[in-house]
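2 protein chains.
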Amino acid sequence: MRIFSLDEIKSVLNKINLVQEIEDGFIAYSNGDVIVPPVGELHFESPPGDVHIKYGYIKNDNVYVIKIASGFFHNSNFGLPNGYGMMLIYDQKTGQPKAILNDESFLTDIRTAVAGAISAKYLAPSKVKYIGIIGTGVQARLQLKYLNDIIDCKSVIVWGRNENSLKKYKDDFSKSNYKITITKDINQIIERCQLIVTCTPSENPIITNINPGTHITAMGSDTITKQEIASPILSQADLVVADSRSQCEHRGEIYQAIKDGFSMKDVVEIGEVIQGKVKRRENDKQITIADHTGVAVQDIQISKAVLKYLN
Amino acid sequence: MRIFSLDEIKSVLNKINLVQEIEDGFIAYSNGDVIVPPVGELHFESPPGDVHIKYGYIKNDNVYVIKIASGFFHNSNFGLPNGYGMMLIYDQKTGQPKAILNDESFLTDIRTAVAGAISAKYLAPSKVKYIGIIGTGVQARLQLKYLNDIIDCKSVIVWGRNENSLKKYKDDFSKSNYKITITKDINQIIERCQLIVTCTPSENPIITNINPGTHITAMGSDTITKQEIASPILSQADLVVADSRSQCEHRGEIYQAIKDGFSMKDVVEIGEVIQGKVKRRENDKQITIADHTGVAVQDIQISKAVLKYLN
Chain A
6 MRIFSLDEIK SVLNKINLVQ EIEDGFIAYS NGDVIVPPVG ELHFESPPGD VHIKYGYIKN
66 DNVYVIKIAS GFFHNSNFGL PNGYGMMLIY DQKTGQPKAI LNDESFLTDI RTAVAGAISA
126 KYLAPSKVKY IGIIGTGVQA RLQLKYLNDI IDCKSVIVWG RNENSLKKYK DDFSKSNYKI
186 TITKDINQII ERCQLIVTCT PSENPIITNI NPGTHITAMG SDTITKQEIA SPILSQADLV
246 VADSRSQCEH RGEIYQAIKD GFSMKDVVEI GEVIQGKVKR RENDKQITIA DHTGVAVQDI
306 QISKAVLKYL N
Chain B
6 MRIFSLDEIK SVLNKINLVQ EIEDGFIAYS NGDVIVPPVG ELHFESPPGD VHIKYGYIKN
66 DNVYVIKIAS GFFHNSNFGL PNGYGMMLIY DQKTGQPKAI LNDESFLTDI RTAVAGAISA
126 KYLAPSKVKY IGIIGTGVQA RLQLKYLNDI IDCKSVIVWG RNENSLKKYK DDFSKSNYKI
186 TITKDINQII ERCQLIVTCT PSENPIITNI NPGTHITAMG SDTITKQEIA SPILSQADLV
246 VADSRSQCEH RGEIYQAIKD GFSMKDVVEI GEVIQGKVKR RENDKQITIA DHTGVAVQDI
306 QISKAVLKYL N
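Residue numbers (my numbering), protein chains in the order written: chain A, 6 to 316; chain B, 6 to 316.
Just so you know, the hints here were simulated from the structure itself, not pulled from any lab data.
Don't take every hint at face value.
For lysine-lysine, the following DSBU-like pairs were computed, each having C-alpha atoms within a straight-line distance of at most 35 Å [unchecked claim]: (1) Lys173(B) with Lys15(A); (2) Lys15(A) with Lys284(B); (3) Lys270(A) with Lys132(A); (4) Lys134(B) with Lys103(A); (5) Lys309(B) with Lys15(A); (6) Lys103(A) with Lys15(A); (7) Lys20(A) with Lys264(A); (8) Lys15(B) with Lys98(A); (9) Lys189(A) with Lys126(A); (10) Lys309(A) with Lys103(B); (11) Lys98(A) with Lys189(A).
Covered, in the sense of this in silico footprint (three residues per stretch, anywhere, with C-beta under 8 Å from a C-beta of chain A), are these stretches of chain B [claimed, not checked]: (12) 15–21; (13) 147–156; (14) 207–221; (15) 258–268.
By construction, the Cβ of each residue, glycine as well, lies at the ideal position given by its N, Cα and C atoms.
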């Protein structure tokens, strides 16, 4: 059993067809081929912290994966990162530990961003004049990075509440092939963007109205308290897609909308969309929404792929 | 974060006062100071295998511990051990991983044997003429090893079904200070031994009657199907002790006896016995039974102690 460091993991990432790996994972998941038990949790009060143990496997695959991740939000007081994470990979036929990817939660960020790119690939209107990014953090940057190969559009409007964070974001992309416009006015996003990606931990809706011909990928909301999109927008949408119907019924945007009367009955899964088992966007006037809460199969797929190139 | 090998772990074990560490753990557990969420599980069918994730922490301690252990019972076909196990130790204040003890389930065996020694320490009659060991496997050997410092008696009768296994057991102890007698007749154990330790995976009672003045430590039965002691013996006993009341209600000897009419109401916990919070054995005529199903706090205590000496 070897431990691989974050640097080693990063060194092989560009060899992997991440979109293909995560798509295959979503397909297996929607076809009922993935076993994902309930998340294990530990809570601490002083200082406050949470630990999550996510684990599972694809039936008849070679491995099972256990991901252990923590968030202790006072760590910065001690000069430490708030979160730690690692993925442990085991042989599915023998239980033998194969490797520990000590990725410090980096692979979770990547598989989340790649899932966003997949939603845009299958659900965005054919012509995107502007991409809208809601938020200025790690995920707001990674989403744009992984959209680069998926969407032709290189004009981006980024919304945030903090002027300095917005400027920093724009600076950080100054050498990229994106042309970044920053704004604190959410209407700039709603009026001009055909592909919007929400990447904040907001607990109050930021997007409260929507124009025809828009796709929203909702990445930020993954708990029972977070919400970035007002509930009526989900009812108004022509197509609502979940990464996992069973998870989205209990957390994220769909969960919030259900409380306000939205019905799950027409919600499809991204793994069904990818396979063409359900209808996709039918024209450039429709409104589509993809709600991502993060599924363990994404962890399984990315860790497997990374290990393949590390070995 | 460092990984420590089985050899490194073994090298520090004799520096640790294991009885003290595990006793402290049982006390904390019985006093409600230990957080132990439900065990995480994965099951595989072809080949058959199980994975258990046990985790928890003592309140206001320095660490939390996650133990991952597997059993794939066809592994010997591939020349591999059937079980793998490791303990991951994290800082309770920050979530930072401190160490991985890649102990290959060795520490689980040790903490189980030490728990048996603790039961004998507090519950065995004052005069033990013969120790009875039921079983000839790893735990049947370790129990005797850890009883050595606890009980003066060095005369041992070992029961097993297989003649070769019995002879091998006797040979293996030929250089020890124990005098081993082997038998396939369970009555030899019941009639002559005042301290009996059951160490088999039997699903049918092996001990079906008992004499006054006997203590039984039941180590083997830790699932909903295993049983080594006939249910009426628990009802007949003067004192029944559980390592964890909540666990023993759902697995092990007490669980089996409850199905046959035994009442939990007088069952006490070993952590209460150690502290003298409840009555112990009152004379050498009483029958006492300790049911051990294995509690995560034993893993927490032994891994913490090992890490202290490894660092």
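The hints, checked one at a time:
1. Lys173(B) with Lys15(A): violated (52 Å)
2. Lys15(A) with Lys284(B): Status violated; Cα separation ~60 Å.
3. Lys270(A) with Lys132(A): holds (29 Å)
4. Lys134(B) with Lys103(A): The hint is violated at about 49 Å.
5. Lys309(B) with Lys15(A): The hint holds at about 32 Å.
6. Lys103(A) with Lys15(A): holds (19 Å)
7. Lys20(A) with Lys264(A): Not OK: Lys20(A) and Lys264(A) at ~43 Å, beyond 35 Å, violated.
8. Lys15(B) with Lys98(A): holds (28 Å)
9. Lys189(A) with Lys126(A): holds (27 Å)
10. Lys309(A) with Lys103(B): holds (25 Å)
11. Lys98(A) with Lys189(A): Answer violated: Lys98(A) to Lys189(A) is near 53 Å, above 35 Å.
12. 15–21: Three-residue rule not met by the region 15–21 of chain B, so violated; n is 0.
13. 147–156: Answer violated; 0 residues pass the 8 Å Cβ test.
14. 207–221: The restraint on the region 207–221 of chain B is violated, since only 0 of its residues have a Cβ under 8 Å from chain A and three are required.
15. 258–268: Our answer is that it is violated, as 0 residues pass the Cβ test (under 8 Å) against chain A, missing three.
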